[in-house]
Amino acid sequence: MSAIVSIKNLRKQFGSFDALAGVNLQINEGEVVCIVGPSGSGKSTLIRCINQLEDFDDSSEVKIAGIDITQDETARADVGMVFQSFNLFPHMTIRENITLAPLRVKQMSEQQANAIADDLMQKVGIEAQAEKYPSQLSGGQQQRVAIARALAMRPRVMLFDEPTSALDPEMVGEVLDVMRDLARSGVTMLVVTHEMGFARQVADRVIFMDEGKIVEAGKPAQIFDGPAHQRTRDFVNAVLQH
Amino acid sequence: MTRLSFITSVCLIGLLTSEATRAADLTVGANIGNVPWEFQDENGDYVGFEIDLVNQIGDRLGMNVEIINIPFSGLFSAVQSGRIDIALSSITVTERRLESVAFVQPYYDSAQSLTVDSDSNISSLADLQGRVVAVDTGSTGDMWITENNARYGIGEIRRFEGLVPAMLDVQSGRVDGYISDIPGLEYFIRDKPYFKVVQRIETGERYSMVLAEGNPLADQVNDVLTELKRSGFVAELHRSWFGSEPLASSSTVSVVDRPRSTSVGGRDAGFAQTFLNWGVLLNSMPLLLAGLRVTLLLGATSIACGLALGLFLAMVRLYGVRPAGVASKMYIDIFRSIPILVLLIVVYYAPPFAGIQLSAFAAAAVALTLVSGAYTAEIFRAGIEAIPSGQFEASHALGLNYRHTMLDVILPQAIRVVIPPLTNNCINVIKDTALASVVAMPDLLKQANQAQALEANPTPLIVAALIYLALLWPLVILVGRLEKRFRQEYSQ
Chain U
1 MSAIVSIKNL
11 RKQFGSFDAL
21 AGVNLQINEG
31 EVVCIVGPSG
41 SGKSTLIRCI
51 NQLEDFDDSS
61 EVKIAGIDIT
71 QDETARADVG
81 MVFQSFNLFP
91 HMTIRENITL
101 APLRVKQMSE
111 QQANAIADDL
121 MQKVGIEAQA
131 EKYPSQLSGG
141 QQQRVAIARA
151 LAMRPRVMLF
161 DEPTSALDPE
171 MVGEVLDVMR
181 DLARSGVTML
191 VVTHEMGFAR
201 QVADRVIFMD
211 EGKIVEAGKP
221 AQIFDGPAHQ
231 RTRDFVNAVL
241 QH
Chain D
243 MTRLSFITSV
253 CLIGLLTSEA
263 TRAADLTVGA
273 NIGNVPWEFQ
283 DENGDYVGFE
293 IDLVNQIGDR
303 LGMNVEIINI
313 PFSGLFSAVQ
323 SGRIDIALSS
333 ITVTERRLES
343 VAFVQPYYDS
353 AQSLTVDSDS
363 NISSLADLQG
373 RVVAVDTGST
383 GDMWITENNA
393 RYGIGEIRRF
403 EGLVPAMLDV
413 QSGRVDGYIS
423 DIPGLEYFIR
433 DKPYFKVVQR
443 IETGERYSMV
453 LAEGNPLADQ
463 VNDVLTELKR
473 SGFVAELHRS
483 WFGSEPLASS
493 STVSVVDRPR
503 STSVGGRDAG
513 FAQTFLNWGV
523 LLNSMPLLLA
533 GLRVTLLLGA
543 TSIACGLALG
553 LFLAMVRLYG
563 VRPAGVASKM
573 YIDIFRSIPI
583 LVLLIVVYYA
593 PPFAGIQLSA
603 FAAAAVALTL
613 VSGAYTAEIF
623 RAGIEAIPSG
633 QFEASHALGL
643 NYRHTMLDVI
653 LPQAIRVVIP
663 PLTNNCINVI
673 KDTALASVVA
683 MPDLLKQANQ
693 AQALEANPTP
703 LIVAALIYLA
713 LLWPLVILVG
723 RLEKRFRQEY
733 SQ
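First to last, the protein sequences are chains U and D.
Just so we're aligned, residue 1 is where the first sequence starts under this note's numbering, counting upward by one.
Just so we're aligned, residue 243 is where the second sequence starts under this note's numbering, counting upward by one.
Simulated from the structure, these hints should not be mistaken for laboratory data.
These numbers come from a predicted model, not from an experiment.
Here a beta-carbon is modelled for each residue, glycine too, at the ideal position from N, C-alpha and C.
Take the hints with a grain of salt, since some may be wrong.
To be verified - Under 7 Å between C-beta atoms, here's a sample of chain D residues computed to sit facing chain U: (1) Glu635; (2) Ala636; (3) Ala639; (4) Val651; (5) Pro654.
Between the sequences and the hints, there should be enough to build the whole structure, so can you do that?
As structure tokens, this is what we get:
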């Protein structure tokens with residue numbers, strides 16, 4: 001198996017605070033990795049660094065498909081990102097949201113881009129909303145559009161930054177269903193989430209982070225049922241007792 | 243004393259004192275700076291031939307005289323609206339003016355003159371073919387050359403508000419000559435060898451004072467003038483201000499009849515006849531339409547250039563390297579603080595001394611653009627900053643480059659936010675074009691001023707106000723609608 005994402009000694013400071021205190025992580029092709037942990041543990045910062053939305057220490061190294069992202073801007077095109085707050089473009093229709101990057105970045109023809117958009121909209125179940133604007137959709141529908149928009153660039157890896165945290169509870173399921181389908185179809189995924197059920201069921205590997213470090217990583221059963229570290233145990237107990 | 247009665251007393255005292263300061267019972271308007279008729283001496287006191295004359299008239303009538311400074315083209319409306327009792331400013335008696343206002347008997351026989359730069363090769367009106375000549379808005383010089391231009395083929399008649407700005411442009415070479423009343427010119431250039439009067443233009447014109455039509459004071463003032471001529475007072479004024487003896491046959495020495503309109507009855511001085519006079523309206527319409535054209539052209543040019551400049555400044559301020567960003571912020575702050583009128587005068591009068599000639603249009607467009615650009619930059623900045631950072635992040639994450647991020651994602655959203663304030667800015671720019679009349683731009687206000695001085699009737703100004711209103715009211719309504727629509731879109 002080849003590593004799509006390779007992170008070595010990732011460090012980042014916000015002032016004197018160590019947001020990331022030396023993270024090492026390899027993600028293989030087709031793997032689904034869920035990152036869990038308390039807030040402020042550096043989960044979101046980690047995946048934002050992979051997409052260069054945050055800069056990081058010079059001594060750190062982040063490679064996508066073997067390419068150092070600080071050396072080659074185009075490496076970013078291989079990474080898709082889904083945000084907690086959707087960040088759809090409000091002045092464009094759903095179709096335009098999805099086709100914008102293929103048209104502008106990949107210089108596809110309208111026809112090609114539309115074909116991709118049609119396919120993806122069907123995949124995430126929003127084909128009926130194609131000509132609507134984001135403000136006319138529910139939160140769950142908007143997040144599914146955001147997923148389709150990221151997928152349209154055919155990324156090698158998809159990053160999800162707490163994709164269901166901003167949703168009303170009744171809409172969480174429809175977004176997780178789409179993500180589950182993606183995982184099954186072999187998309188490489190790195191998911192920051194508080195949905196422990198999803199992590200247990202879908203993840204190949206679960207990573208527990210605290211204080212800017214990876215405390216423990218392993219199969220879902222290992223992390224949730226028999227964590228090795230006390231901090232992991234405390235977290236899992238606190239979350240699962242809800 | 244209760245609080246209320248205290249306030250009442252303060253108000254009463256205020257009323258009483260303001261009553262006391264208003265003791266002047268003869269309010270006189272004059273275009274101060276019109277040498278040697280009415281101007282300020284080193285102490286800032288108003289002096290001059292006509293100032294001495296009107297003060298003497300006030301003394302004889304037992305009235306306190308208060309002089310207020312009003313530009314020439316505003317004098318007639320000031321008389322008609324009752325703001326002043328008498329207008330002075332070496333005003334020539336003309337038939338058209340007699341139809342709207344009353345004159346007392348004239349006291350000076352004048353002529354026009356052509357003044358040029360001493361180094362100029364122009365020696366008479368005949369040399370002015372295709373050249374630019376300055377006049378005072380709505381003055382007899384303006385009327386004379388406009389009527390006689392077929393004979394001289396002058397390239398452009400440019401209209402100024404007074405002698406000093408016109409002479410500055412003669413000196414800078416922006417205009418080739420200046421046609422104006424000869425006594426003022428001779429007095430003005432007596433210590434300025436770099437100007438010369440090259441031609442006296444006989445127009446048979448006579449100066450007098452203007453009062454509102456039907457004002458009974460006119461007869462009293464006329465009678466005093468008769469006495470003052472008989473006693474030799476007016477002739478003495480001539481000697482002291484011009485250093486020469488007036489001709490015995492001139493109106494300075496001999497008593498003459500009060501000039502009356504030859505048309506039957508003249509114009510009715512009723513409110514509607516004065517402020518919305520159809521005859522005047524029809525006469526002045528060509529002037530006003532020409533002015534409207536200039537106003538629209540200047541407004542459109544300044545708005546378009548200001549938009550481009552503002553967008554550039556906003557981009558530099560938000561995304562430029564630090565020194566450029568700071569420079570942009572300084573520019574924006576400075577040009578939002580400068581009164582546009584001051585900037586206009588600087589842009590118009592300063593560059594000629596550095597050898598750069600800007601036309602009045604170019605100077606006005608530059609000044610309006612500089613200021614509009616600063617305001618537009620702030621509007622764009624606010625618009626862009628109103629876009630959530632998630633929009634930038636989503637664009638970056640999709641791999642869009644800077645240009646596409648701005649063009650496809652950020653600016654289209656920012657434009658919705660900025661359209662209402664931008665439209666407001668357009669309204670302001672169009673209103674500010676009226677200031678360009680100070681640099682002899684024949685814009686709508688300038689043309690209205692000229693027309694009202696020619697007709698001695700304020701109707702053209704009223705019509706100009708209506709035109710501005712017709713132009714800008716729809717824009718104001720549009721801003722309101724757009725703001726409402728965008729508010730609704732965002733609250734969905």
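Hints and how they fare:
1. Glu635: At about 5 Å, which falls below the 7 Å cut-off, the nearest Cβ of chain U leaves the hint on Glu635(D) intact, so it holds.
2. Ala636: holds (4 Å)
3. Ala639: It holds, given that the least Cβ distance between Ala639(D) and chain U is near 4 Å, below 7 Å.
4. Val651: At about 6 Å, which falls below the 7 Å cut-off, the nearest Cβ of chain U leaves the hint on Val651(D) intact, so it holds.
5. Pro654: Since the shortest Cβ distance to chain U is 5 Å, the answer is holds.
The structure shown violates none of the earlier numbered hints.
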